[in-house]
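Number of protein chains: 2
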Amino acid sequence: MEQRDREAIMEIVGEEHFTTELIDLVSYSYDGSDHNHRPEAAAFPADTAQISLIMQLANERRFPVVPRGAGTSMTGSAVPIKGGLVLDLVRMNRILEIRIPDRQVMVQPGVVYAALQKALAPSGFCFPPDPASGKVCTLGGNVATNAGGIRGAKYGVTRDYVLALEVVLPDGRVVHTGSKCMKSSSGLDLTRMFVGSEGVLGIITEITLKINPKPQASCTAIASFATLQQAGQAVTDVMCSGILPSVLEIMEENTIRVLRENAKADLPDVKALLLVETDGYTEAEAAYGMEKVVAAFQANGADTISRAKDKQESEKLWTIRRAVGSTSGSLRPNNLSEDVTVPISKVPQLLEGIQKIMQGQPYPFVIFGHAGDGNLHPKIMFDGSDPQQVREVHLLADKVFQLTCDLEGTLSGEHGIGLAKAPYMNLEHEPLAMDLMRLLKRTLDPNNVLNPGKMALDG
Amino acid sequence: MEQRDREAIMEIVGEEHFTTELIDLVSYSYDGSDHNHRPEAAAFPADTAQISLIMQLANERRFPVVPRGAGTSMTGSAVPIKGGLVLDLVRMNRILEIRIPDRQVMVQPGVVYAALQKALAPSGFCFPPDPASGKVCTLGGNVATNAGGIRGAKYGVTRDYVLALEVVLPDGRVVHTGSKCMKSSSGLDLTRMFVGSEGVLGIITEITLKINPKPQASCTAIASFATLQQAGQAVTDVMCSGILPSVLEIMEENTIRVLRENAKADLPDVKALLLVETDGYTEAEAAYGMEKVVAAFQANGADTISRAKDKQESEKLWTIRRAVGSTSGSLRPNNLSEDVTVPISKVPQLLEGIQKIMQGQPYPFVIFGHAGDGNLHPKIMFDGSDPQQVREVHLLADKVFQLTCDLEGTLSGEHGIGLAKAPYMNLEHEPLAMDLMRLLKRTLDPNNVLNPGKMALDG
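Order-wise, the sequence lines are chains A and B.
Heads up: the first sequence begins at 0 in numbering that gives the first Met the number 0, then just goes up one per residue.
Heads up: the second sequence begins at 0 in numbering that gives the first Met the number 0, then just goes up one per residue.
Errors might be hidden in some of the hints.
Here are the simulated lysine-lysine pairs, BS3-like style, with alpha carbons at most 25 Å apart [to be verified]:
| # | chain 1 | residue 1 | chain 2 | residue 2 |
| --- | --- | --- | --- | --- |
| 1 | B | K213 | A | K213 |
| 2 | A | K270 | A | K355 |
| 3 | A | K209 | A | K263 |
| 4 | B | K315 | A | K153 |
| 5 | A | K117 | B | K153 |
| 6 | B | K310 | A | K209 |
| 7 | B | K291 | A | K153 |
| 8 | A | K209 | B | K117 |
| 9 | B | K213 | A | K153 |
| 10 | A | K213 | B | K291 |
| 11 | B | K291 | B | K270 |
| 12 | A | K153 | B | K153 |
| 13 | B | K291 | B | K310 |
| 14 | B | K315 | B | K213 |
| 15 | A | K153 | A | K134 |
| 16 | A | K209 | B | K291 |
| 17 | B | K209 | A | K291 |
| 18 | B | K209 | B | K270 |
| 19 | B | K209 | A | K209 |
| 20 | A | K291 | B | K153 |
| 21 | A | K153 | B | K117 |
| 22 | B | K153 | A | K213 |
Just so you know, these hints were derived from the structure itself, not from any lab.
Using the sequences and the accompanying hints, generate a full structural model.
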């Protein structure tokens, strides 16, 4: 970027919505991952028209542009690794329309996930995906990473709810994809080309989401198992039992120990815990689901099965579950937090395999995640200021990704690829699939101005 | 195609799996639409390798190839409008793997929809989409058109269940997309680029589908309304009531009359009927849903509300509903059958608008469809041997599509575009969206050998 580029951007967004202050640029060099790189400037566009002008300029002048929501990405997808301009979409935070009779909402990309849920609450509707960072993350980021959450087994992920998009293309043109209808088979599916594309194909400036009536009843239970195999078989049996639990979480022994020792959680000293929720419009439906779950737990020799008696007890269990991330993360200055995913029946193999990889290593680690859809979050704690630790931890991560792909798994269930998993893409995807992804990127962004360096698409 | 091309194909598939017989070519010139064009040859490949060799040849020698399932397309998407070779995938009809613990099945494209459901039945699982042609249509066609069905309001469409694909590209290379996991955010979404692409980007040779446990309980009811407005408001109120009905079908007066007069259906002489099903794992859940539905019907002045007392009574209602297509179709030699879709709340406007367009016209017509997801099937009966009738009916269709798009609708909810709706694509999609679709087509199929002439992508 040259001085005249900075001036041109300032002209477009207004002086007060543009910064090259060091303190700002340092902030924008990070996201939720361990990666960082400083941009040359950051702008806060007010609307689609401004973004369109900025992209016309960037495409002509060939400087990188990285769109950014709340910066909660776990993979470096929001890190401006090639410098250039960060577009912070914080000002585009309006809920444009809530159309309950049409079962949809239109939002700008900077709307915080929790703000949408709050706005929907009075109607009894909700946006079913539920990323862990929901209190702060933005819907633009959710769509760009195809975010998931603990209710994926029953309710799917963000992709399943995106009906239509407005997108600014790398050359500044503005395209409207999809339809305001519940379903459409009209032409090639441009909408889902942009869902999960991590800002490398276009900047999402308006989102139409399908919404659901919120289930009113739920049951929660927790069960402990003496072996991982039993817990794993219980997961499989639940998923085969004829119902879909709304949540089916697993925590292995390290996770349990960390919660007992560091969050004073009242948990038994066991090899695995399964935390489960069933739901429905009626108590009867939720209870029936829980009967099936309990039967599967009993059949697999659960040591203890404890059902929450009321909202308060169930909330206590979810609080424990939610504490895993921050409690474990505080054990060391840095952590490597992954979201490898395998076919449901292979969850125990992945768990055991990761435990084996970590055996004898000096690094604290936890493994927890969404067993109901095969998505685990192994998290390895280390000190990033020690280059040897960094090297060693990355070698461990290599092994985890190799194991995952050996089990027919995917590098990412819900976080995306970004920088962190770009080096592993060829473990999962065959060369031709990578070629096709690169062809798409090159075709839509021939000058590689949009979020370059991500997803192994630059080769 | 030259003689040497025919010989090369015969070499690949074997003499007995290749035909240029007139009787065969005539059969392959049609699908479920009014369009037809004869291919120069048809082949019945046994596997992916043969299709790959054929596409290498076609791409080199520049002859069109049209993949074909059961030929039930309503839009001409299976009609070889530019001649060339039809690839009938009938021999690729194996269910490769049923993995209940992993909640997925792997099938070849020629597997008949109903055959999959039958194979899944013992496990209590099902593939939730339910196209009306399910007894004969193939899963390859379902994926290629993003097929829907009457349960779309609650269970979505084919797109929502496709996890992974094997696809032969226009140049013969074979790519594997997606993952065998319940969810993945790993790279650009190649899988959904091919879903609904009607065979213009690649030939789908293997499909991995997510499956669901089948709900065990259901309630069915039918209600009559004195005005379309009341029925329309009842639909809106049901969709806002906090539950999702598994089926919510509407039939307007012409449809009701045709069923009474031509199928001896015991139906009242009213302006609109709503046929609804609620479901769940438990009777209580289905009954609760039905209470909400009945309340919405009563609040909107339903003349009669009749709940099916048992499976037999409910089956009787569904038999009546299923008879609409064939009964109305038999009134004249030809019919134009559409699947326009609008936001749910605009269903009454679309119904009234179509009735108005048809007012005073000499053509029998019916309008029915999936009100719960805004998808209507207007069907106009005429005699295709009379050029004036053909002209007039197409002018009426023009008006229906214009009205649909004026109501923020889509040309197709579940049938696709093919030839029938290609001329209307620019009513729904802005020029840039069409440009992007054409860019994708050109990028993946630069020689335009795969199903050319479809979806308005050749321009």
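Here is what the structure says about each hint:
no.: 1; hint: B:K213 x A:K213; verdict: holds, 21 Å
no.: 2; hint: A:K270 x A:K355; verdict: holds, 14 Å
no.: 3; hint: A:K209 x A:K263; verdict: violated, 40 Å
no.: 4; hint: B:K315 x A:K153; verdict: violated, 32 Å
no.: 5; hint: A:K117 x B:K153; verdict: holds, 23 Å
no.: 6; hint: B:K310 x A:K209; verdict: violated, 32 Å
no.: 7; hint: B:K291 x A:K153; verdict: holds, 23 Å
no.: 8; hint: A:K209 x B:K117; verdict: violated, 31 Å
no.: 9; hint: B:K213 x A:K153; verdict: holds, 13 Å
no.: 10; hint: A:K213 x B:K291; verdict: holds, 14 Å
no.: 11; hint: B:K291 x B:K270; verdict: holds, 23 Å
no.: 12; hint: A:K153 x B:K153; verdict: holds, 13 Å
no.: 13; hint: B:K291 x B:K310; verdict: holds, 21 Å
no.: 14; hint: B:K315 x B:K213; verdict: holds, 21 Å
no.: 15; hint: A:K153 x A:K134; verdict: holds, 22 Å
no.: 16; hint: A:K209 x B:K291; verdict: holds, 21 Å
no.: 17; hint: B:K209 x A:K291; verdict: holds, 21 Å
no.: 18; hint: B:K209 x B:K270; verdict: violated, 39 Å
no.: 19; hint: B:K209 x A:K209; verdict: holds, 20 Å
no.: 20; hint: A:K291 x B:K153; verdict: holds, 23 Å
no.: 21; hint: A:K153 x B:K117; verdict: holds, 23 Å
no.: 22; hint: B:K153 x A:K213; verdict: holds, 13 Å
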